[in-house]
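Construct the complete structure from the given sequences, taking the supplied hints into account.
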Amino acid sequence: MTMYTVNQTGETASSTVTRLLKDLLGRNIADAVLVSAENPWSRLPMPTVFTDSANMDRVVPLAPSTSVSFARQASLLVRGPAGKTVVLVLKPCEIRAFIELAKLNQCSLESAILVSMDCPGRLENGDYVALAAEVQNLGEAFPSDLSFQEKLTVTCASCDAFIPDSADLQICVTGMDGKLGVKAGTAKGEDIAARLNLATCEEPQNRAEALSALAGKRKERKTALFSETASTLKSIEGFQAAISRCINCYNCRSACPVCYCRECVFLTDVFVHPPELLLERAARRGSVKMPTDTTMFHMTRMSHIAHACVGCGQCTSVCPSEIPVADLFRTVAEKTQSYFDYMPGRNVLEPIPQLVARKGQSQE
Amino acid sequence: MSETETQIPSYKPRIVALVCNWCTYTAADLAGTSRLSYPAEIRMVRLMCTGMIDQKYILKAFLDGADGVFIGGCHPGDCHYLDGNLKAERRIGGTRNLIEQFGFYPERLKLQWIGASEGPEFQHHMTEFVERIVAMGPSQVRDRMIL
Ligand code: SF4
Ligand code: SF4
Ligand code: FES
Numbered sequence: 227m228t229m230y231t232v233n234q235t236g237e238t239a240s241s242t243v244t245r246l247l248k249d250l251l252g253r254n255i256a257d258a259v260l261v262s263a264e265n266p267w268s269r270l271p272m273p274t275v276f277t278d279s280a281n282m283d284r285v286v287p288l289a290p291s292t293s294v295s296f297a298r299q300a301s302l303l304v305r306g307p308a309g310k311t312v313v314l315v316l317k318p319c320e321i322r323a324f325i326e327l328a329k330l331n332q333c334s335l336e337s338a339i340l341v342s343m344d345c346p347g348r349l350e351n352g353d354y355v356a357l358a359a360e361v362q363n364l365g366e367a368f369p370s371d372l373s374f375q376e377k378l379t380v381t382c383a384s385c386d387a388f389i390p391d392s393a394d395l396q397i398c399v400t401g402m403d404g405k406l407g408v409k410a411g412t413a414k415g416e417d418i419a420a421r422l423n424l425a426t427c428e429e430p431q432n433r434a435e436a437l438s439a440l441a442g443k444r445k446e447r448k449t450a451l452f453s454e455t456a457s458t459l460k461s462i463e464g465f466q467a468a469i470s471r472c473i474n475c476y477n478c479r480s481a482c483p484v485c486y487c488r489e490c491v492f493l494t495d496v497f498v499h500p501p502e503l504l505l506e507r508a509a510r511r512g513s514v515k516m517p518t519d520t521t522m523f524h525m526t527r528m529s530h531i532a533h534a535c536v537g538c539g540q541c542t543s544v545c546p547s548e549i550p551v552a553d554l555f556r557t558v559a560e561k562t563q564s565y566f567d568y569m570p571g572r573n574v575l576e577p578i579p580q581l582v583a584r585k586g587q588s589q590e
Numbered sequence: 068m069s070e071t072e073t074q075i076p077s078y079k080p081r082i083v084a085l086v087c088n089w090c091t092y093t094a095a096d097l098a099g100t101s102r103l104s105y106p107a108e109i110r111m112v113r114l115m116c117t118g119m120i121d122q123k124y125i126l127k128a129f130l131d132g133a134d135g136v137f138i139g140g141c142h143p144g145d146c147h148y149l150d151g152n153l154k155a156e157r158r159i160g161g162t163r164n165l166i167e168q169f170g171f172y173p174e175r176l177k178l179q180w181i182g183a184s185e186g187p188e189f190q191h192h193m194t195e196f197v198e199r200i201v202a203m204g205p206s207q208v209r210d211r212m213i214l
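The listed protein sequences derive, respectively, from chains H and V.
Each residue of the first sequence is one higher than the one before, counting from 227 in our numbering.
Each residue of the second sequence is one higher than the one before, counting from 68 in our numbering.
To be clear, the hints were calculated from the coordinates, so they are not data collected in a lab.
Please note: incorrect hints may appear among the correct ones.
Some, not all, of what chain H presents toward chain V, calculated at C-beta under 10 Å [what the hints assert, rightly or not]: (1) Ser-461; (2) Met-525; (3) Val-582.
Straight-line C-alpha distance at most 25 Å; calculated DSS-like pairs for lysine-lysine [unchecked claim]: (4) H/Lys-443 - H/Lys-405; (5) H/Lys-561 - V/Lys-123; (6) V/Lys-79 - H/Lys-561; (7) V/Lys-123 - H/Lys-329; (8) H/Lys-561 - H/Lys-445; (9) H/Lys-414 - H/Lys-329; (10) H/Lys-329 - H/Lys-515; (11) H/Lys-405 - H/Lys-248; (12) H/Lys-377 - H/Lys-443; (13) H/Lys-515 - V/Lys-123; (14) H/Lys-445 - H/Lys-460; (15) H/Lys-310 - H/Lys-414; (16) H/Lys-515 - H/Lys-460; (17) H/Lys-329 - H/Lys-310; (18) V/Lys-127 - V/Lys-79; (19) H/Lys-561 - V/Lys-127; (20) H/Lys-460 - V/Lys-127; (21) H/Lys-248 - H/Lys-414; (22) H/Lys-329 - H/Lys-377; (23) V/Lys-127 - H/Lys-515; (24) H/Lys-561 - H/Lys-460.
No experiment lies behind these values; they were computed from the predicted model shown.
For every residue, glycine included, the Cβ atom is placed at its ideal position computed from N, Cα and C.
Structural data, given as C-alpha cells:
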C-alpha cells in the first residue's frame, strides 16, 4: 500500500486531519463529513455532521473517545441508493461494524468514504471529560504519552485490531516519527488521494515495529482476558453468575452497533408471560427472578451477533450494573468467528456466515 | 463436564423436534399411516422450512428443560425454498458451537435430513435419538436456571 504525506509545517496532527476533511468538502469530493466534534457546552465529542468546512472549528478527529456507537449513527446518515457522498471518520472497530451493517443493507457503502486512523483507543465518557479538562488537545497528547494507555477502556486495552484495514483512507500515526501519513486501503481511496494531489512518501522504518510491539502487548492482554472469561462462562451456573447483576435494561442491546434486528424480540410481548406461568415456575423452581429471561436474553443476543461482534466495548460502557458485557461477548465471539472462519467487517464481499448455503458440514 | 448427568432408569426424556412441513413432517405422517411406531416422548413442532429456525428456538427449548432438540429437514437439493436447509445447517452448527461453550452437551442437538417418503428412516432416526438422550440422562439445565 502506498503511503502519502499530508503534513504541513506548524500543523498539529488533528489540524492536519481536519484540513484534509475540509479539503474533501472544498473540492466537492464529498458533500458532508461525519466526525467527532465538541459542542459549546461539552468537551465530550459526539458524532457530528458538517456540510460546510467553515463550521468545523470544534472537530476533534483523533480524540480517544467514542461517546456512542458512531457506526450506528453513520448508518442512519448513509443509507438507501447512492445519493450524497458522506465522509465517515470512524475508529477501526466502528468501520468494521459499518461494513457489517452494509452487508445487511442497513447502510450503503457506495455513498460513504470511510476514513479511519491507527486507533488511539477510547476512554469511558466520564474519564474522557475529566482528562480533557486537564490536558489541552487530548487528541494530540494521547498517542505520545504512554501513561494514558492505562486509562483506556478494558476493551481497547486488549484490542489488537486497531489498524483500519478496510477503510478507504487510513491515517497513520503510530511509529511515524511525529508526522502523519495516509494510506489508501481501496481503489476509492486511491482515487481520492489522486484527486487531493497527495504526494507519496516512504513508510518510516519504525512503523512496522511500533505497530507489532503494540499489537503484541494488546494480544497478550486479550488472551489472558478471554481465557479468564471463558472459564467463568463454561457452565450454566457460571453463565448466570456472569450476568447476575443484569437488570434487563437492554442498554447493551441498543448500544451495540451490530445488533441488527429492526424490532428486537425482547421488546415485544414474547417474553411477557402470563401470571399463572410465573407462579407455576416459582412453585417448580423455588423462585422466579424478575425481570425474567435474563439468561435467554444474553444467550439469544450472543447467538445472533457473535459472528458480527467487532469488539467495540460499547455494551460494557453503557451497562448500569457494571457487568463486563463486552468481555463476555468478545470471548464467545472469538470462538464463533473462528468456527465460521469469519472476521466481521474485513471485507464487504465476505458473506455473513449463516447466510452461506454450503454443503458438507456434517449433520452430527 | 459441567452438565451433571444422573441416570434415572425410568425417566422419560423431553425431546423437542423442529421439523419441516415438506419432508420430515410428511415422513412422520407416513410412519404413522404405515404403523411404524416411534417414541412418544417427542414433541413435534411443524415449521414451513428448517431455514426459519432461529437460534432462540433451540436455546429456549434447552433453557426450558428439553433434554434433546431434533431438527429434521429436507435433503440438500430438495428444500422447497432452495437452500433454507443448508442455511439452517450453518446456523445450527453455530448454535452448537455456542452452547458447548456454556457446558451444554452438543450431542443433545441433532440435525437430520429426512425426505418425505422416508417413513422408516424417520422411525429409525427418532428411535436412535431418543436412545441417545435416554443414555445421556436428563439435562440439568432447567433445574439450574435461576435467572
Ligand atoms: S476497540 Fe480497538 S479499534 Fe475500537 S476504539 Fe478500542 S482500540 Fe480502537
Ligand atoms: S446493559 Fe447491563 S444491565 Fe442492561 S441489559 Fe445489558 S447487561 Fe443487563
Ligand atoms: S423446505 Fe424442508 S428444509 Fe427447507
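Hints and how they fare:
no.	hint	result
1	Ser-461	holds (4 Å)
2	Met-525	holds (5 Å)
3	Val-582	holds (6 Å)
4	H/Lys-443 - H/Lys-405	holds (23 Å)
5	H/Lys-561 - V/Lys-123	holds (19 Å)
6	V/Lys-79 - H/Lys-561	violated (34 Å)
7	V/Lys-123 - H/Lys-329	holds (22 Å)
8	H/Lys-561 - H/Lys-445	holds (16 Å)
9	H/Lys-414 - H/Lys-329	holds (18 Å)
10	H/Lys-329 - H/Lys-515	violated (38 Å)
11	H/Lys-405 - H/Lys-248	holds (19 Å)
12	H/Lys-377 - H/Lys-443	holds (15 Å)
13	H/Lys-515 - V/Lys-123	holds (20 Å)
14	H/Lys-445 - H/Lys-460	holds (22 Å)
15	H/Lys-310 - H/Lys-414	holds (15 Å)
16	H/Lys-515 - H/Lys-460	holds (22 Å)
17	H/Lys-329 - H/Lys-310	holds (20 Å)
18	V/Lys-127 - V/Lys-79	holds (20 Å)
19	H/Lys-561 - V/Lys-127	holds (22 Å)
20	H/Lys-460 - V/Lys-127	holds (18 Å)
21	H/Lys-248 - H/Lys-414	holds (18 Å)
22	H/Lys-329 - H/Lys-377	violated (34 Å)
23	V/Lys-127 - H/Lys-515	holds (17 Å)
24	H/Lys-561 - H/Lys-460	holds (13 Å)
Hint compliance for this structure: hints 6, 10 and 22 are not met, and every other hint is.
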